[in-house]
Amino acid sequence: MKYLTEYRKPELVEQYLDQINQSVTRPWTIMEVCGGQTHSLVKNGILDMLPKNLQMIHGPGCPVCVTPLNLIDKAIYLAEKKEVILCSFGDMLRVPGSKKSLLESKATGADIRILYSPLEAVKLAKENPEREVVFFAVGFETTAPANALSVVHANRAGLKNYSILASHVLVPPAIEAVMDDDESHVKAFLAAGHVCAIMGLDEYYPLVEKYKVPVVVTGFEPVDLLQGILMTVRQLESGEAKLENQYSRVVQSDGNPAARSLIQQVFQVNDREWRGIGSISKSGYEVRSEFSNFDANLKFQIDIEEAVENGECIAGQVLKGIKKPYECPQFGEKCKPSTPLGAPMVSSEGACAAYYHFATAMEGM
Amino acid sequence: MTKTKLNMHLQCPMPKLDFEVITLGHGSGGLLTNQLLDSGVFNLLSNDWLDQRHDGALLNLSGQTAFSTDSFVISPVFFPGGNIGELAVNGTVNDIAMCGAIPEYISLGFIIEEGLTMQEFWDILVSIKFACEKANVKVVTGDTKVVERGKGDKIFINTTGVGRVHPQANIHINNIKVDDKIIVSGNLATHGMAIMSVREGLEFETDIESDTCALNHTIKYLLDEFGIDIHLLRDPTRGGVATVLNEIAKQTNKGITLSQKELPIKEQVEGACEILGLDPLYVANEGLFIAVVDGNIADDFLQKLKSLDHGAHASIIGEVVNNHPRQVVMTSAIGGRRVINMLVGEQLPRIC
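Sequences listed follow chains A and B, in order. Residue 44 is where the first sequence starts when you use the working numbering, and the numbers rise one by one after that. Residue -11 is where the second sequence starts when you use the working numbering, and the numbers rise one by one after that.
Chain A on its own, in the form it takes in the complex (with noise of 0.2 Å):
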């Protein structure tokens, strides 16, 4: 497979390994933004080849992971609409809101589909024109041009029964509140590459400037992620905190210009609640009010109270890297993949479920 097994090659992650443990003189501890790249770490088994004193913690990169809870219950409430066909990421659905989740209420009856793309709902709507058809438009800014083409598409067809529940989050954001947070020990950053094949770099040049923190943008295989990571501890150990791209053969430093006027024609920033993380400022999609017809959150009246979150997740403290999944008295006790607390531990990319599936047993293996 071309583009994939050359990034795969052991004799090349050996190469980048023994490169790292050359490297590494202190103990560094770095924060892989997405969740696709803790998804690979883990999956890989990368985590247990990395020198001890070099500590990865597993960012807020999930998307199904941060969507708060009330937008959850939104999509269930919208569900269970009779005249409402709901689409969704198949990652979603078994995420629990404040009462249930969205496979329980397609269990009950509600006409919940799993679509792959965005395109596809507004085929359904097509299809469908006595139906009401809702896309959960969740995701960082790598989804939002799709969400936001299904929503120009659907405005040119000159579909009425198409709209977008959006739950679009930001990564640069997040990074600030990162580090912002006085209990974060993170110093330096993996960003994650796919994002940046849409934004470009731009937007990371002040972030560096700001913290003085490395930031590398990285890829998802394990050549990428070791090279990334090797490229951070150089950083570190010499003292600097510069923006680098390690996956520039898919990231371009002004990223995809076309993808994102896409996205400014469709979107705006707003402020939003990150699950288990709280409010961050400017760091979220809203739908621009020249397509409020296609904003599910405007053309349903939303009928519901405002969750509670389970106290018992550490959710956030986990997306912040402060605490290890496995720190958390209710990991693989209460909380496992089947039953789930939070959202980390049900979408593979959450940090919680990929140290449950995946993780190397930590009983002395």
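If you're looking for bench data, these hints aren't it; they were derived computationally from the structure. This structure is a prediction, so every number in the text was calculated from the model and none was measured. Every residue gets a Cβ at the ideal spot worked out from N, C-alpha and C, and that includes glycine. It is possible that some hints are incorrect.
Lysine-lysine pairs mimicking DSS-like chemistry, simulated, CA-CA at most 25 Å apart [stated by the list, open to error]:
{"id": "1", "chain 1": "A", "residue 1": "Lys379", "chain 2": "B", "residue 2": "Lys238"}
{"id": "2", "chain 1": "B", "residue 1": "Lys238", "chain 2": "A", "residue 2": "Lys149"}
{"id": "3", "chain 1": "B", "residue 1": "Lys249", "chain 2": "A", "residue 2": "Lys377"}
{"id": "4", "chain 1": "A", "residue 1": "Lys86", "chain 2": "B", "residue 2": "Lys249"}
{"id": "5", "chain 1": "A", "residue 1": "Lys366", "chain 2": "A", "residue 2": "Lys379"}
{"id": "6", "chain 1": "B", "residue 1": "Lys139", "chain 2": "A", "residue 2": "Lys124"}
Quick partial rundown of chain A residues pointing at chain B, CB under 8 Å, derived from the structure [claimed, not checked]:
{"id": "7", "residue": "Ser66"}
{"id": "8", "residue": "Pro265"}
{"id": "9", "residue": "Pro300"}
Go by the hints and put chain B onto chain A.
Leaving out everything else, chain B in the frame of chain A:
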């Protein structure tokens, strides 16, 4: 290993009358039911037991007998590489074979949603006929029910089978011991990804076809040669290879190691799994089995299996160990290690 395509050119002699489709009347037990069964089931699947049209079949069984049932609710009913009919025969045939037995007789129960076209029903019956012939099993009893539109999904099939246990077989979880080798008979995840490629809302262009097939002849040859050194046989359908291996680890209280490098998987299937974010270890399989065999015969077993139908891509993927009891641990392609847990929920529902 080439999979013989089923000959689907038998002409449909169904008494269509005014009916292009199955109606509630076809399940009433009356005239329409009789016509449907005469021209379809009895016509195609005729044998001494079925032809008696009794309420059940009278069988002469002796010795240790394996007995297994399975229901098939796959969506879509026709998929790349097969349809629900042959799947229903092969599924039960394979379950019997996994007991170390030679399947002989099966039952066939249809639950049809009204509106299934006569042509579709005929095509399913034809594939059942050929699948039975290939597996050398007889349909000896059956049942047909029709439910209202919206109360089913085209057609559900239940098959139950019986078969005599092979004289040299001793398949039991308790026979598994440390240093036993884990062998898969072919490529992983092929069936699941074939179904995935045609699911509404997920369609992608590919030439991946289901590998559904009867494994009983392959298993028989292996039992002839290796007998009691074959400790366990399992077909990793729903939940995939990862789930079966976890079940084995938990039941035996032993550890299992896997090597990612040794997992056989077709390039297109691997690519499709990458794109859709699925782990092939958890994707459903059909024409595949896992054998846990004595470490001393593992290489010979592998060579023999590779020479048999459906075994060309077989591979030794792991072994039973004393370490990490009740856990499956895989060494990744780059040398890292991770625990392989049981599938939680469904990667993709209604795959068989």
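Comparing the hints with the structure gives:
no. : hint                : result
1   : A:Lys379 / B:Lys238 : holds (18 Å)
2   : B:Lys238 / A:Lys149 : violated (32 Å)
3   : B:Lys249 / A:Lys377 : violated (35 Å)
4   : A:Lys86 / B:Lys249  : holds (14 Å)
5   : A:Lys366 / A:Lys379 : holds (17 Å)
6   : B:Lys139 / A:Lys124 : holds (22 Å)
7   : Ser66               : violated (19 Å)
8   : Pro265              : holds (5 Å)
9   : Pro300              : violated (25 Å)
Hint compliance for this structure: hints 2, 3, 7, 9 are broken, all remaining hints hold.
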